[in-house]
Amino acid sequence: PNQTGFTTCLARKLIFSAAATKIEQNNLWVLPSGPIPPNPAELLNSSRVQMMWNQLLQEYDYVLIDSSPVLAVTDPTILSTQADAVIMVVRSEFTRIEAALQAREQLARADARLLGVILNQVKINSYNFYAY
Numbered sequence: 007p008n009q010t011g012f013t014t015c016l017a018r019k020l021i022f023s024a025a026a027t028k029i030e031q032n033n034l035w036v037l038p039s040g041p042i043p044p045n046p047a048e049l050l051n052s053s054r055v056q057m058m059w060n061q062l063l064q065e066y067d068y069v070l071i072d073s074s075p076v077l078a079v080t081d082p083t084i085l086s087t088q089a090d091a092v093i094m095v096v097r098s099e100f101t102r103i104e105a106a107l108q109a110r111e112q113l114a115r116a117d118a119r120l121l122g123v124i125l126n127q128v129k130i131n132s133y134n135f136y137a138y
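Numbering of the sequence shown is given in the numbering used here, commencing with residue 7 and proceeding in unit increments.
The reader is advised that the hints may include incorrect statements.
[Claimed, not checked] For each label pair, taking beta carbons as the anchor points, the in silico distance ranges come out as:
1. 9 with 30: 35 to 45 Å
2. 17 with 72: 15 to 25 Å
3. 44 with 130: 38 to 48 Å
4. 52 with 24: 15 to 25 Å
Derived from the structure by calculation, the hints contain no laboratory data. These numbers were taken from a predicted model, which means no experiment stands behind them. Backbone N, C-alpha and C fix where the C-beta goes; we use that ideal spot for every residue, glycine too.
Generate the whole structure from the sequences, applying the supplied hints.
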C-alpha cells in the first residue's frame, strides 16, 4: 500500500514522476509518504529534500504537505522550516487546548509561518450556528 513515495524519492530509489499518482480531479497529483525510513529526521534534514522541493515547485503551482501531528515526532517541525507556511489542523472535542498551544509554541520556536488553524470534525448540531 505505501511502498513508494516521498521517502523512496529522497533515498534516490525512484524518480518523482514514477512515485506520484494522478487523481481523477484535473491537475491533482498525490505523492504518498512512502515507507518509514530508519532515520526520518536525518533524511528530512538532507540537502536532497531542498532539491526535491525546488523540483516540485518548478513543476506545480502549489505543493501541500500533510504531516503527522507536531507533538508526536520531529518530522512536522523539520518540514515546517522548509515550507512557505503552515496551517495547523485540530480535531474538535479531541485535541486538548494545551496540546494545541504546545504545538503552536513548537512551530513558533522553529520559526514556522503559521497562517491559521483548521478545526475539523465539528458537530454542527452541538453548537449554535445561525442560518441566513
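Against the structure, the hints come out as follows:
| no. | hint | verdict |
| --- | --- | --- |
| 1 | 9 with 30: 35 to 45 Å | violated, 22 Å |
| 2 | 17 with 72: 15 to 25 Å | holds, 20 Å |
| 3 | 44 with 130: 38 to 48 Å | holds, 44 Å |
| 4 | 52 with 24: 15 to 25 Å | holds, 20 Å |
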